[in-house]
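Listed in order, the protein sequences are those of chains A and B. According to this note's numbering, the first sequence is numbered sequentially starting from 1. According to this note's numbering, the second sequence is numbered sequentially starting from 1.
In short, the hints are calculated from the structure, not lab data. Here a beta-carbon is modelled for each residue, glycine too, at the ideal position from N, C-alpha and C. Don't take each hint at face value.
Output of the computed footprint for chain B on chain A, the stretches with three or more beta carbons under 8 Å from beta carbons of chain B [stated by the list, open to error]:
id, segment
1, 58-68
2, 156-162
3, 244-255
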Amino acid sequence: MTSTLEKKEIEQITAIAPDPSWESEVREAAMRSIVTKPGKNWWIAVSLLSLVVVAGLGAWIYQLKHGMNSAGYNDQAFWAVYIADVVAFIGVSYGGAVVSAILRLSGQSWRAPLTRLSEGMALVTVLIGGAFIFPHLGRPERFLNIVAYPNFSSPLVWDFIAIATYTLATAIFFYLPLIPDMAVAKNLVDKGGKRARLFSILSLNWMGTKKQRALLHRVLTVISLIIIPLAVSVHSVLSWAFALTSRPGWMESVFPPYFVVAALYSGTALVIVTIYAFRKGYKLERFITDRHFVRLGYMMAALGLVYAYLTVADMLTEGYTGITTGWIQETLTGKYAIPFWFYVIAGEIVPIALVVMKKTRNAKGMTVAGVLVVISLWIKRIVIILPAATQPLISGQWGSYHFTWVSITVTLAGVAAIPLLLMILFRFIPLMSIDEMEEVGPLGSIEQISKETLKAAREESIPEPSKEESK
Amino acid sequence: MDERAGESGMKLLFNKNQHDIDGDSENANEVSRRKFLKIVGVGAGSVAAVGAGIELIPYKAWADSNPNGWGGNSGVSGMSAATMGSSQEVGNHQWAMVIDLRNCDGCKSCTAACQKAHYLTEDQTWIRVFEMGDSQGNTYYMPRPCMQCENPPCLDVCPVHATFRTDQGVVLVNQGRCIGCRMCMAACPYQARYFNWKAGAKYPDTGVAPTPEFPVPQRLGTAGKCTFCVGNLNHGLMSECASACPMGTIYNGDMITDVAINSLGNTVKLSKFLYENDAVAYKDEYNTHPRVWYIPGHGQNLDTNATTG
Ligand code: SF4
Ligand code: SF4
Chain A
1 MTSTLEKKEI
11 EQITAIAPDP
21 SWESEVREAA
31 MRSIVTKPGK
41 NWWIAVSLLS
51 LVVVAGLGAW
61 IYQLKHGMNS
71 AGYNDQAFWA
81 VYIADVVAFI
91 GVSYGGAVVS
101 AILRLSGQSW
111 RAPLTRLSEG
121 MALVTVLIGG
131 AFIFPHLGRP
141 ERFLNIVAYP
151 NFSSPLVWDF
161 IAIATYTLAT
171 AIFFYLPLIP
181 DMAVAKNLVD
191 KGGKRARLFS
201 ILSLNWMGTK
211 KQRALLHRVL
221 TVISLIIIPL
231 AVSVHSVLSW
241 AFALTSRPGW
251 MESVFPPYFV
261 VAALYSGTAL
271 VIVTIYAFRK
281 GYKLERFITD
291 RHFVRLGYMM
301 AALGLVYAYL
311 TVADMLTEGY
321 TGITTGWIQE
331 TLTGKYAIPF
341 WFYVIAGEIV
351 PIALVVMKKT
361 RNAKGMTVAG
371 VLVVISLWIK
381 RIVIILPAAT
391 QPLISGQWGS
401 YHFTWVSITV
411 TLAGVAAIPL
421 LLMILFRFIP
431 LMSIDEMEEV
441 GPLGSIEQIS
451 KETLKAAREE
461 SIPEPSKEES
471 K
Chain B
1 MDERAGESGM
11 KLLFNKNQHD
21 IDGDSENANE
31 VSRRKFLKIV
41 GVGAGSVAAV
51 GAGIELIPYK
61 AWADSNPNGW
71 GGNSGVSGMS
81 AATMGSSQEV
91 GNHQWAMVID
101 LRNCDGCKSC
111 TAACQKAHYL
121 TEDQTWIRVF
131 EMGDSQGNTY
141 YMPRPCMQCE
151 NPPCLDVCPV
161 HATFRTDQGV
171 VLVNQGRCIG
181 CRMCMAACPY
191 QARYFNWKAG
201 AKYPDTGVAP
211 TPEFPVPQRL
221 GTAGKCTFCV
231 GNLNHGLMSE
241 CASACPMGTI
251 YNGDMITDVA
261 INSLGNTVKL
271 SKFLYENDAV
281 AYKDEYNTHP
291 RVWYIPGHGQ
301 NLDTNATTG
């Protein structure tokens, strides 16, 4: 496709292909975050992020004491920022899990250096998203009433069941590929230390026998298969908390796929941002190449188009007949016009342009697109929630939601918690799946390219693909 | 037109003996009450189409297609079969309300009285008077309490059964169980739900613990709404809004005894009153089956009626 990229890629392949020490190299790189002592920057980042999280907890305590009015809520803006946070965080988690599951199921060997990071991201964000249910509730201390007195006709009970199941599945999905790595890792840290002991427990006596391998492979395939419908169900059910009310703007049959695609779109975007950050922080350029970003970028752009399509489908269907168009007017030209058009530009046009333009089709360009998508999709959630919530159902004024320092601080705490938890998590966990990397070998993991090019790369030490070939 | 049953005791209603909310003993008057039920629904055959717009379901149409009226075999409104189910006992009363918009001048006395009695904040308009516009560009006023839906969406979506429906057909909130998820606020088509957003409201010491029937003081972080003043009704008193209305707009009614009464002391036969005055249920296309009926109008009776009660 792009000749420059192909060239670069061939160079990388030839640099690695004859290298016999692939195994040790992978191990060194994957264990980098565990073995090396964290530098000054790591500590600074962790302290700053922790500060934000602590501030968020403080704001939440303030909110508990003074009531949810301090977070800007009122009777006509009864759902707002926190439910948007729940949807957005669990959404990006979905992206992480499904990207990894789909790539695994379809046997994409280039996924190997990415799976661990995206699964880690999925785990961390689902925990944060689930935690946002607490500031959302007026009486969080009674949360377990959902278990004690469940009303199974309530979509919120379905939500609870779906999120709990999905969280568990994400944890398992993160842990399973970790087992062989733990067996490797326990020998790479100082013997008898705390971490060696932890790793050896987590490795479950993994010896790497054929039987064990076959079993793990089978279980992983099953859980990859399970996690996709599970995640679809989570986002469908989340959307039903809105769509099963009689509110114009929410009571839409398009909502479940709408939410699912939003989750995938923003999730792929956050995978890009995450791997960029870790690639930079731990110097993994050798394993995570520009080509990885471009592939993920293509996925993201495709999802973005589907999401744009669903947005149009939703608004056109509602708006055309003119029966319940208040929320559409408010969204397109009224109070929510600025955030909505921000989404259109920063969440659709710019990121897709960044993917389409050759110049920006690289790691940096894709990461900028990813950041834009993640932010815009959070804003899009607000635009989905507020107009329908604040519309007058009988007559009178539109309600309005005002962001306050409380809701902003709590939300920022959730945002800061993602890198914080990831940084801490990967102090204990290898950055890449050592086992998968070794399995697919240097060629597979870097790039699956056309057979001729691959052949050329193997046969000649310095391949010079002609321009025709690279097209 | 109306079957006015005299001006007797405007605050003494229905059944003075019945003080027990959960009273289950078969009432001595019950038999004679049932006689009223028989009369219901046997009325004029022709149904004039009510040009009330999409959101209003006329009572008349329903009554004509249910010639047995709300007597039925369950003893309550035939509209209610969906929610009452076989498992739920039918109480000795089925409370209802009629709001005669021909009398409403939008003074909001009802809102004020309700807020005072329940120590609500200014935002908490459990009964709210909406200013409505019609197609002619005129405005009229419409008080909106909780509709006490027979098929309440707020109840269906409540995850912890904090919202429940009594055997008298009143939908209440157990603020001791509510987790404050506000799903009910999303689901209610009438915007009838209110939340306790702010700490620090001061309540006088009533000496009694709050109950779902009389949730005073309100609890922070929980949902609240109009209770129909069901405690008042069961003690033979009118609801605060109805008794405060100087125009007699709001009638408290009981579907079992088939009586309704307003603050002017007008006592009417509920089913007949509804039928003959083209009463409508608001937004019943959502399948909510409100227990509050409106008699459409825009205050036209104000000139002819007695001005104060
Ligand atoms: S009017 Fe609203 S709050 Fe009242 S019962 Fe119906 S749905 Fe529930
Ligand atoms: S806010 Fe309370 S009453 Fe309303 S749905 Fe939630 S738990 Fe039920």
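Cross-check of the supplied hints:
no., hint, in the structure
1, 58-68, "holds (count 4)"
2, 156-162, "holds (count 3)"
3, 244-255, "holds (count 5)"
In summary, this structure violates none of the numbered hints.
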